[in-house]
Amino acid sequence: MEITGQLLLTVLMGAFLLGVAAFLARVEDWRSYTPLGAGGGAVGESGYGHSEKPAGLIRWFTTVDHKDIGLLYGTYATIAFVVGGLMVMLMRAELTTPDTAVLGSATFYNSLLTSHGITMLFLFGTPIIAAFSNYLIPLVIGADDMAFPRINAIAFWLLPPAALLIWAGFFPLPDVIPAQTAWTMYTPLSAGVGNGNQMNVGVDLMLLGLHLSGVSATMGAINFIATIFTERAEEVTWANLDIFSWTILTQSGLILFAFPLLGSALVMLLLDRNFATTFFAVEGGGPILWQHLFWFFGHPEVYILVLPPMGIVSYVLPRFSGRKLFGFKFVVYSTLAIGVLSFGVWAHHMFATGIDPRLRASFMAVSLAIAIPSAVKTFNWITTMWNGKLRLTTPMLFCIGFVSNFIIGGVTGVFLASIPVDLVLHDTYYVVGHFHYIVMGAITFAGMAGIYYWFPLVTGRWYQRRLAKAHFWLWMIGTNVTFFAMVLLGYGGMPRRYATYLPQFATLHQIASLGAFMLLVGGIIWIYNVAVSWMEGPRVQSGDPWRLDETDLNTAEWDWFKAKRETSLAATDGGEDVKADGGQEIDDDTAE
Amino acid sequence: MAEIFDRDTLLDLTVNVIPLGIILFFVAAFVLMNPFGGLDFYGRVLQMGLLTFPFVALAILTYVSGKAIAGDEKRSAVFFQGQATMEGAREKHEVEETIEAEATGEADVEDPDGGDADEDESEVDEDADEEVDADEDEEVDADET
Numbered sequence: 000m001e002i003t004g005q006l007l008l009t010v011l012m013g014a015f016l017l018g019v020a021a022f023l024a025r026v027e028d029w030r031s032y033t034p035l036g037a038g039g040g041a042v043g044e045s046g047y048g049h050s051e052k053p054a055g056l057i058r059w060f061t062t063v064d065h066k067d068i069g070l071l072y073g074t075y076a077t078i079a080f081v082v083g084g085l086m087v088m089l090m091r092a093e094l095t096t097p098d099t100a101v102l103g104s105a106t107f108y109n110s111l112l113t114s115h116g117i118t119m120l121f122l123f124g125t126p127i128i129a130a131f132s133n134y135l136i137p138l139v140i141g142a143d144d145m146a147f148p149r150i151n152a153i154a155f156w157l158l159p160p161a162a163l164l165i166w167a168g169f170f171p172l173p174d175v176i177p178a179q180t181a182w183t184m185y186t187p188l189s190a191g192v193g194n195g196n197q198m199n200v201g202v203d204l205m206l207l208g209l210h211l212s213g214v215s216a217t218m219g220a221i222n223f224i225a226t227i228f229t230e231r232a233e234e235v236t237w238a239n240l241d242i243f244s245w246t247i248l249t250q251s252g253l254i255l256f257a258f259p260l261l262g263s264a265l266v267m268l269l270l271d272r273n274f275a276t277t278f279f280a281v282e283g284g285g286p287i288l289w290q291h292l293f294w295f296f297g298h299p300e301v302y303i304l305v306l307p308p309m310g311i312v313s314y315v316l317p318r319f320s321g322r323k324l325f326g327f328k329f330v331v332y333s334t335l336a337i338g339v340l341s342f343g344v345w346a347h348h349m350f351a352t353g354i355d356p357r358l359r360a361s362f363m364a365v366s367l368a369i370a371i372p373s374a375v376k377t378f379n380w381i382t383t384m385w386n387g388k389l390r391l392t393t394p395m396l397f398c399i400g401f402v403s404n405f406i407i408g409g410v411t412g413v414f415l416a417s418i419p420v421d422l423v424l425h426d427t428y429y430v431v432g433h434f435h436y437i438v439m440g441a442i443t444f445a446g447m448a449g450i451y452y453w454f455p456l457v458t459g460r461w462y463q464r465r466l467a468k469a470h471f472w473l474w475m476i477g478t479n480v481t482f483f484a485m486v487l488l489g490y491g492g493m494p495r496r497y498a499t500y501l502p503q504f505a506t507l508h509q510i511a512s513l514g515a516f517m518l519l520v521g522g523i524i525w526i527y528n529v530a531v532s533w534m535e536g537p538r539v540q541s542g543d544p545w546r547l548d549e550t551d552l553n554t555a556e557w558d559w560f561k562a563k564r565e566t567s568l569a570a571t572d573g574g575e576d577v578k579a580d581g582g583q584e585i586d587d588d589t590a591e
Numbered sequence: 000m001a002e003i004f005d006r007d008t009l010l011d012l013t014v015n016v017i018p019l020g021i022i023l024f025f026v027a028a029f030v031l032m033n034p035f036g037g038l039d040f041y042g043r044v045l046q047m048g049l050l051t052f053p054f055v056a057l058a059i060l061t062y063v064s065g066k067a068i069a070g071d072e073k074r075s076a077v078f079f080q081g082q083a084t085m086e087g088a089r090e091k092h093e094v095e096e097t098i099e100a101e102a103t104g105e106a107d108v109e110d111p112d113g114g115d116a117d118e119d120e121s122e123v124d125e126d127a128d129e130e131v132d133a134d135e136d137e138e139v140d141a142d143e144t
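Sequence order for the protein chains is A and B. Each residue of the first sequence is one higher than the one before, starting from 0 at the first, in numbering that gives the first Met the number 0. Each residue of the second sequence is one higher than the one before, starting from 0 at the first, in numbering that gives the first Met the number 0.
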């Protein structure tokens, strides 16, 4: 009887999927698509006149254009960033008092903590980078589109269900509670062992969601590797490949080796949870096996997240320094070095687990070695600015903020690479402060630099510069207030992941919460600015809005933008869209 | 081979030689000093393996990437990053020659901002563009807030 019910469900689902396929086939002429990003409308009989894309929502659901997919990634990442940000604001509110007076429950705090980490790393970090790379790389390397445009679309569309699964515990579903495993999902807690509540299906759903996001990232990585290797224009030799593309290429290589491993480990964990296998049980492979597998993925993941933002900074910072990037090839080679070495440092997260001390020593050695390529880049950025003609535009401010925060985050990290120091600071707020300097102070700052820098390219409009600068200063100060307080808390011995703490930590926790509030206000300003400026910001009046031609620092994507503007002016013959703002005298090259 | 790995290329690759050197230093240190000698041999192999594997992998990647990049530099025109596909982009050596000529005062100043580090150009014109602000001059109401 039960089987019949399942069969019925399967048949129904099959019919539903067929229906969806039929619907899509009806509403969309798939053959009308062309991989050409622009100017491809004349090809094929699309029936859409001069435009190759359908209108409205259908366009976004069916697009295979790399620019559209980049925008989808960007929107998705923004939503995830808001969700993850609100989660952490609840946590910071809770931490203003030593007990659980605000949230009322440490369990809920644990759920927020887990979901905040996973949301920010997997649903915001990776997708926001994919937003930039999808939009820009084909433009910069002179490719028509990604090597596999449809796989590109599939990779994105795997992400919304991944988010739903990861957040499933927060939805009002009967008997489903959020995972409270922290983002590291350490066994035996995550295997559901013991008297806790982590055998709940909410954890399984989260693991499946993570798996899905890993599949998505892997598909994207394969696509980028293929695109950069095979779709480059003839002139873009290896010597001419820009630094952002180099970092994406390296990142894709890391994803290719790291994410499938995470996927396998997740499947093993799911089997342990649901099919009584003993991969991570004490009597089987042991809980430490999980840590090895997880961090073999997890440490490269750090570089998966940080390399492309480094690429953005290396790309944007010289534009406002009036100089070429100092030591371009140093940056390229050090990027590749980081790529390789990142797979040799995983157990520095496990110094306190009691592994063989000789292995610890080796991991310490490679961890110290990997600091060099990162430091080299920092010196390159500083030297690029040295004696340059700095223009403190918002993207430039975010780049400088990136360098500043990256130095603090990096130096605090080098200390942790040393075994004796790590044994003292392990599992304290020092670690939390250190890595937030990197993920918030550096990675997110670089993302913001990119968003402001390419905002005119994507929207054809300007953002409001005062709001943008307010955003920067709130974030710069807020980041340092929040995370430096955490570094100090760590020195004081405050353990991480706790909803409650001893009263002597209250002041520093309250300072950290104050900083977080500044980040919240800055974030609201950013969202407002981007949304309003996108809709009704002043239109840019030239194809070189940043005046890069003056310093001979223009790049291919702005050349594309220039050509697009000229084409659209010619095509519409000064038509409506242009006329609306055409009469205004906006000396846009002075805006920032 | 020797043509590709000339002095300049080797200098570029020093950036990766330093981490290789650090790993090598620790290999030597751990060979000489072994405070955990009483433990099994397998752990010792792993210890050295964890150092030699990244060392070899980094050395190979450095060689391959150096060969690809420096080789392409020798084979075809070199542009600054992101400029290769631009119409009318100047090649790297042309820009550098201009800068050099400017520095020695031999050329007419065609491109005053070519990145000349020798001249003191340090200025921070934060407010250079204050006078015309897109938010203010603009009639679309984006600036009202």
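The hints are simulated quantities; they were obtained by calculation from the structure and are not laboratory data. Beta carbons: idealized from backbone N, C-alpha and C, even for Gly. There could be a bad hint or two in this list.
As the list claims (entries may be wrong) - Calculated Cβ distances over 12 Å to all of chain B for the following chain A residues:
{"#": "1", "residue": "Gly141"}
{"#": "2", "residue": "Trp237"}
{"#": "3", "residue": "Leu324"}
{"#": "4", "residue": "Val344"}
{"#": "5", "residue": "Phe362"}
As the list claims (entries may be wrong) - Distance ranges between label pairs, derived from CB positions:
{"#": "6", "chain 1": "A", "residue 1": "Val420", "chain 2": "B", "residue 2": "Val55", "range": "47 to 53 Å"}
{"#": "7", "chain 1": "A", "residue 1": "Asp548", "chain 2": "B", "residue 2": "Val77", "range": "19 to 25 Å"}
{"#": "8", "chain 1": "A", "residue 1": "Val266", "chain 2": "B", "residue 2": "Tyr41", "range": "56 to 62 Å"}
{"#": "9", "chain 1": "A", "residue 1": "Thr499", "chain 2": "B", "residue 2": "Val55", "range": "31 to 37 Å"}
{"#": "10", "chain 1": "B", "residue 1": "Ala28", "chain 2": "A", "residue 2": "Asp548", "range": "51 to 57 Å"}
{"#": "11", "chain 1": "A", "residue 1": "Thr499", "chain 2": "B", "residue 2": "Thr51", "range": "56 to 62 Å"}
{"#": "12", "chain 1": "A", "residue 1": "Asp548", "chain 2": "B", "residue 2": "Gly104", "range": "48 to 54 Å"}
{"#": "13", "chain 1": "B", "residue 1": "Val55", "chain 2": "A", "residue 2": "Ile57", "range": "49 to 55 Å"}
{"#": "14", "chain 1": "A", "residue 1": "Gly55", "chain 2": "B", "residue 2": "Thr13", "range": "54 to 60 Å"}
{"#": "15", "chain 1": "B", "residue 1": "Thr51", "chain 2": "A", "residue 2": "Val101", "range": "50 to 56 Å"}
{"#": "16", "chain 1": "A", "residue 1": "Gly55", "chain 2": "B", "residue 2": "Glu95", "range": "18 to 24 Å"}
{"#": "17", "chain 1": "B", "residue 1": "Tyr41", "chain 2": "A", "residue 2": "Phe228", "range": "36 to 42 Å"}
{"#": "18", "chain 1": "B", "residue 1": "Ala28", "chain 2": "A", "residue 2": "Tyr185", "range": "43 to 49 Å"}
Exercise. Checking against the hints above, which ones are violated?
Worked result: 1, 2, 3, 4, 5, 6, 8, 9, 11, 12, 16 and 18
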